[in-house]
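Those protein sequences? They're chains P and L, same order as listed.
According to the working numbering, the stretch in the first sequence is residues 1061 to 1173, in order.
According to the working numbering, the stretch in the second sequence is residues 7 to 122, in order.
Source of the hints: derived by calculation from the structure; they are not laboratory data.
Ideal Cβ placement from N, Cα and C applies to all residues, glycine included.
Heads up, some of the hints might be wrong.
[Stated by the list, open to error] With a cut-off of at most 20 angstroms between alpha-carbon atoms, the simulated EDC-like pairs for lysine to aspartate or glutamate come out as follows:
{"hint": "1", "chain 1": "L", "residue 1": "K84", "chain 2": "L", "residue 2": "E110"}
{"hint": "2", "chain 1": "P", "residue 1": "K1128", "chain 2": "P", "residue 2": "D1115"}
{"hint": "3", "chain 1": "P", "residue 1": "K1114", "chain 2": "L", "residue 2": "E110"}
{"hint": "4", "chain 1": "P", "residue 1": "K1128", "chain 2": "P", "residue 2": "D1084"}
{"hint": "5", "chain 1": "L", "residue 1": "K30", "chain 2": "P", "residue 2": "E1102"}
{"hint": "6", "chain 1": "P", "residue 1": "K1097", "chain 2": "P", "residue 2": "E1118"}
{"hint": "7", "chain 1": "P", "residue 1": "K1097", "chain 2": "L", "residue 2": "E110"}
{"hint": "8", "chain 1": "P", "residue 1": "K1116", "chain 2": "L", "residue 2": "E68"}
{"hint": "9", "chain 1": "L", "residue 1": "K74", "chain 2": "L", "residue 2": "D36"}
{"hint": "10", "chain 1": "P", "residue 1": "K1131", "chain 2": "P", "residue 2": "D1115"}
{"hint": "11", "chain 1": "L", "residue 1": "K84", "chain 2": "L", "residue 2": "E24"}
{"hint": "12", "chain 1": "P", "residue 1": "K1128", "chain 2": "P", "residue 2": "E1118"}
[As the list claims (entries may be wrong)] So the derived label-pair ranges between C-beta atoms look like this:
{"hint": "13", "chain 1": "P", "residue 1": "P1173", "chain 2": "L", "residue 2": "D63", "range": "39 to 49 angstroms"}
{"hint": "14", "chain 1": "P", "residue 1": "H1136", "chain 2": "L", "residue 2": "R91", "range": "29 to 39 angstroms"}
{"hint": "15", "chain 1": "L", "residue 1": "T44", "chain 2": "P", "residue 2": "P1142", "range": "44 to 54 angstroms"}
{"hint": "16", "chain 1": "P", "residue 1": "I1168", "chain 2": "L", "residue 2": "R91", "range": "20 to 30 angstroms"}
{"hint": "17", "chain 1": "L", "residue 1": "M21", "chain 2": "P", "residue 2": "N1117", "range": "41 to 51 angstroms"}
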Amino acid sequence: DQQVKQNSPSLSVQEGRISILNCDYTNSMFDYFLWYKKYPAEGPTFLISISSIKDKNEDGRFTVFLNKSAKHLSLHIVPSQPGDSAVYFCGFAGGTSYGKLTFGQGTILTVHP
Amino acid sequence: DAGVIQSPRHEVTEMGQEVTLRCKPISGHDYLFWYRQTMMRGLELLIYFNNNVPIDDSGMPEDRFSAKMPNASFSTLKIQPSEPRDSAVYFCATARPPAPPPTEAFFGQGTRLTVV
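Only chain P is shown next, with the shape it has when bound in the complex (with noise of 0.2 angstroms):
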């Protein structure tokens, strides 16, 4: 039962452009939403969060939008740079099960010079 969903599995971009990554859930009872970004033969680490009390959250380059009637999160990378080509993986945590944290199919983003 995936309660996150990430329906792109790929995603190119050229540098210096807009990367938009986007995930859909099904679960309206989690407290933070999130992504982690994974390059190969390491694991993944945390990019940034938004409480469920918000719609949006900025870190430079990287903008986190929160549509909770549409059950819609999505990731905005401006500008993209090669250096961002990675596996990017949305996921939730808090709700009914506190400390549970989990995610998503993940969607590779190639960023092209």
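Following the hints, position chain L against chain P.
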């Protein structure tokens, strides 16, 4: 701190053999998670512990999988008997309090398991 340490980094084993993956968490982190990464299911949560106690093992695929955390410094994930479909990268991750809930987890480098 050296971060989350997993061993071995790579494991190749024959079908039917027992496999044990190991994890040393970051000191002071109360939460420990075991994940499996595959192309089809992405980063799949298998089990997580809080203060060495298993809280949710609903992601463990079958009885062939078991996980233990005998103390705050060590955890194992065991597969017995192993099957080719268990081939994947297995990650251990830990998170610290009080962050309610633990959104920022620190991952190890993973163990790439190949069952032939």
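Comparing the hints with the structure gives:
In summary, the hint linking K84 (chain L) to E110 (chain L) is not supported, as the alpha carbons are separated by about 26 angstroms, beyond the 20 angstroms threshold. For a cut-off of 20 angstroms, the pair hint linking K1128 (chain P) to D1115 (chain P) stands: about 8 angstroms separates their Cα positions. Using a Cα cut-off of 20 angstroms, the hinted pair K1114 (chain P) and E110 (chain L) holds, with the two alpha carbons roughly 18 angstroms apart. Taken as a hint, the K1128 (chain P) and D1084 (chain P) pair is honoured in the structure, with Cα atoms around 10 angstroms apart against an allowance of 20 angstroms.
The suggested pairing of K30 (chain L) with E1102 (chain P) holds, with an alpha-carbon distance near 16 angstroms, which does not exceed 20 angstroms. Restraint check for K1097 (chain P) and E1118 (chain P): the C-alpha separation of about 16 angstroms stays at or below 20 angstroms, so the hint holds. Restraint check for K1097 (chain P) and E110 (chain L): satisfied, since their Cα atoms lie roughly 12 angstroms apart, inside the 20 angstroms limit. Between K1116 (chain P) and E68 (chain L), the direct Cα distance comes to roughly 39 angstroms. Violation of the 20 angstroms bound is thereby established for this hinted pair.
For the hint linking K74 (chain L) to D36 (chain L), the alpha-carbon distance of about 14 angstroms falls within 20 angstroms, and the restraint holds. Between K1131 (chain P) and D1115 (chain P), the direct Cα distance comes to roughly 11 angstroms. Compliance with the 20 angstroms bound is thereby established for this hinted pair. In summary, the hint linking K84 (chain L) to E24 (chain L) is supported, as the alpha carbons are separated by about 7 angstroms, within the 20 angstroms threshold. Annotation: proposed proximity of K1128 (chain P) to E1118 (chain P) holds, straight-line Cα distance about 17 angstroms (limit 20 angstroms).
Range check, P1173 (chain P) to D63 (chain L): about 45 angstroms between beta-carbon atoms, so the 39 to 49 angstroms window is met. For the pair H1136 (chain P) and R91 (chain L), the supplied restraint of 29 to 39 angstroms holds, since their beta-carbon distance comes to about 37 angstroms. At about 27 angstroms, the CB distance of T44 (chain L) to P1142 (chain P) disagrees with the hint of 44 to 54 angstroms. Checked against the hint of 20 to 30 angstroms, the pair I1168 (chain P) and R91 (chain L) passes, with Cβ atoms roughly 23 angstroms apart.
Range check, M21 (chain L) to N1117 (chain P): about 46 angstroms between beta-carbon atoms, so the 41 to 51 angstroms window is met.
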